[in-house]
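Novice: Okay, here's what each chain looks like letter by letter:
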Amino acid sequence: MQQVQPVIAGQPGSEAANSQLSPSNSAPAIIFEHVTKRFPGSTLAAVDDVSLEVESGTLVVLFGPSGCGKTTLMKTVNRLHEHDSGRILVEGREARSFKVTDLRRRIGYVIQSTGLFPHMTVAKNIATVPEMLGWDKERVDKRIDDLLDLIGLPPQEYRERYPAQLSGGQQQRVGLARAMAADPSIMLMDEPFAAIDNITRRRLQDELLSIQSKVRKTILFVTHDVEEAIRLADKIVVMRQGKVVQYDTPLHILTRPADGFVTDLMGAEDVLRRLSLLSVESVMLPPPAQPMSGVGTAPTLNPTDSLRDALNDLLSSDSPVLMVEDAGGHVIGTLDLNAIKRATHGEDM
Amino acid sequence: MFDYLFNNFDRVWPRLVEHLLISGISLAIAIVIALPLGLLLNRVSWLTTPVLSVLGIIYTIPSFAMFAFLIPFTGIGAEPAIVALTLYALVVLVRNTMVAFNSVDPAVKEAARGMGMSSRQILWRIEIPLALPIIVAGMRIGALATIGLTTIAAWIGAGGLGQILKDGINNSPKLYAGVICIAGIAILTDLIFRLLSRSVRVPA
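Chains as they are written, first to last, in my numbering: chain A, 751 to 1099; chain B, 1231 to 1434.
Read the hints as simulated data drawn from the structure, not as lab findings.
Each statement offered as a hint is correct.
Derived DEER-like restraints, expressed as beta-carbon distance ranges:
id: 1; chain 1: A; residue 1: P904; chain 2: B; residue 2: T1278; range: 43 to 49 Å
id: 2; chain 1: A; residue 1: P790; chain 2: B; residue 2: G1254; range: 44 to 50 Å
id: 3; chain 1: B; residue 1: S1429; chain 2: A; residue 2: P904; range: 27 to 33 Å
Predicted model, so just to flag it, every value in this text is computed and none were measured.
Note that CB positions come from ideal geometry on N, CA and C, so glycine has one too.
The shape of chain B in the complex, shown without the other chains (with noise of 0.2 Å):
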């Protein structure tokens, strides 16, 4: 079952970094973008339905037909699974930064008030490590979910490992060793995330 991945370890090995680069490079911007977004709808809370509105009817676009709808405008390859899995993970992000910021404690908000910080010292010292347990929880849904879509992008030549998927249809030992590289990232990346998200607790 493993032997295709180690004689053809040379094979395999490009894909894999393509497939961490574009499941890398769609998750940061959509963190990048979602984390002042989820801060922005917990500020100013009327934002919230229409954004989160938005993100949902996309996310309720099935990925395929995202992909496909994306070729006109950015051809075929690594670019349309980017701009579609940054969409994807968006919807997970901003709902999830939003649910982070709204869920600290408003009298421990008041009493930063209360006793002199400014509103930057309360973002900074309280706000955000408060609500980075749950913020990081969500990154790890969404890199998770980020790094299953990515397969499907091989089939608009995007690369990654479905490429190894689909070449492999027809071909049991490559399919599995696709299977076994992305359940590999899949477990790793839970991993690290699990780890961040230790790290970051509130002690309760």
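Same shape as in the complex, but just chain A (with noise of 0.2 Å):
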């Protein structure tokens, strides 16, 4: 998180980059149009009648219990299974109208075991798509640097290795890095840290968000953890028996979800409870160094209010950010939504 903050909050306009509040306004990515799959033999639809739209450039999480179709959804937009009536649109263009070898080299796919190729190198792993789009070796070669330094993997050590050699974590990076090989501008992420240990799968959340600042991909993303749903996306879909419940940002689906059974799948009382029991002081960023523009409007806490007074306030105004102020009238540090989300997962500040 620590090496996120500071590309998105550095950037001109961070609060369209930050699209918890306020999506991009470009064309959507993918688009669901009452898309619904039915599985021979099985009464119920695994995906009934879904639609959606899919900014270009957000992290969407599929969340839901296991058998609520997130995964057959996301599978259709690849055609790993494909739909039986609706349809689906990616980047503007039918998903059926592709060939379908086409359709996947265009769209990046990462699954929960890696799938990475045993008998070849990581290099060749992630040569497979830009080698069957027929690019020349210089520019595959150059890729692969490229990715293994985006992943933090030298290359000149890692290139030449066999999956096998790999530790977890470092499986699922090449597992990433193989399907951005061909910088597709849709990823498909399958659970992909679900078996993976708690520090890793926490630090590989960390290094996603951080080239995700930077590459700006439309990411569906597939989990049953709802920490890490809340931590990475900018959107949740929530799923019950193959309908979409709510798609709303994590922090709505938080604190207004559609109804009971999105409030137990959150765990959202538990949250909430957690930030009554937080204070401002404790998660508070430094303040700013120069007086921001708009600040004369900012609602202003006090240190040792809870976080859920925080969040009403932040949730009743216009502001984006909140000024922490002593009892003296002077400001100590300011609040915005990422502190608060960031502190409902218990994490230091």
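Two chains, two frames, some hints: make the complex.
Specialist: Next comes the structure, spelled out in structure tokens:
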């Protein structure tokens, strides 16, 4: 998180880049229109009349209990599952109008068990799609090195290794690099970190966010881990029995769950309880070095107020940031949604 | 012990060549049939039980009985031997090839498919290289069994080193020569397949 923050916060128009509350206005990268998928021999539809728009450059998490259809929905995009009815538009073009292998080569795909080819070196694994697309060797080689640098594995050391010679976390990084090899604008990630230990998973999540802040892919990310969903998502699709129950920002899903199912699933009550237990002081950010424009209208808080109060103030005002003032009226810190979000995971500041 | 072999090498050599030919041809035919058949069983799982059952029954027939059974159809000589040896080798190779393809991690195949490989690309670039170590291991077992069984084929007039054993039953030096040659072929074959399996090994 630490390395992500400056990138987002330092950019002009960071509000647009941070699509938590203001999704970008560009054309949707993926559109589902009344998509239904029924498996043979099953009475219930695995995906039942789903309509969604996934904004370009956002990370959307598909979330729900097992069997809710989240993976099936994701796989209709690259047609590993063919939908029975409805339409899926990928960057404005109907998925079915592509030659299926062409469609898949345009979409990055990462799965839980990495699916790395054990008989090929790291470099060969990453080169798979670029080579199928007919890139020349020089371009492929450069791309391999760039990607290994991006995922933090020094190319000289890791190019010629085989998957079995990597740790689980490294394998998953290579899986990510391989999916990004041909620079697809859309990536599908099917519980990529589920089989990885907690500490490594947290680090991989940070890295994904960091990489995403640089590359701004459209990512569909399947998980059944609440913390992961909240941590990564620009928006979350909550699914149950093939239907979309709620599609909103993590904060809204936590604070305005559509129904009791969403509340239970997200453990929303628990998070809010945690918010009410945490003080503003414990998570606030340093005060701005220079006066920010518009802070005059920003609501103010006491250091000892709870994060629940802070959240309440943030939601009921137009300001993206709160000022924390001491008893003497001096600004001693600021607080924004990200800070609160991090706090809900019990992270140290 | 080696005297007979060295002194009569011109008489042993043709038998050795016969032996290698009978074993080699049988194994080659079996491989040509077994690889696609094993792959078919991997793809069409309901065929597995009937095909493997039939092969299993064949395998229970003692080799002598099998050779004798084939004589009315093929006469005596190398032909019935090659038919029988091919059938025996098939049992090992078909089952093994199927197991080899079944053992390819479904996640690896799904990743390949999701990345846009065609079925043919998945077969040649992913499944065959990953199945090959097990397939080669099966070939090694099949080859050694075939070399051994070829010996028995001499009793239906197929020739080969079994002929030397047959003639040498009351002639120890000759018997030794036959045994040494058969053992030598077997050891050499084993070595070749070990080297082969090293070259197709998947790093682990």
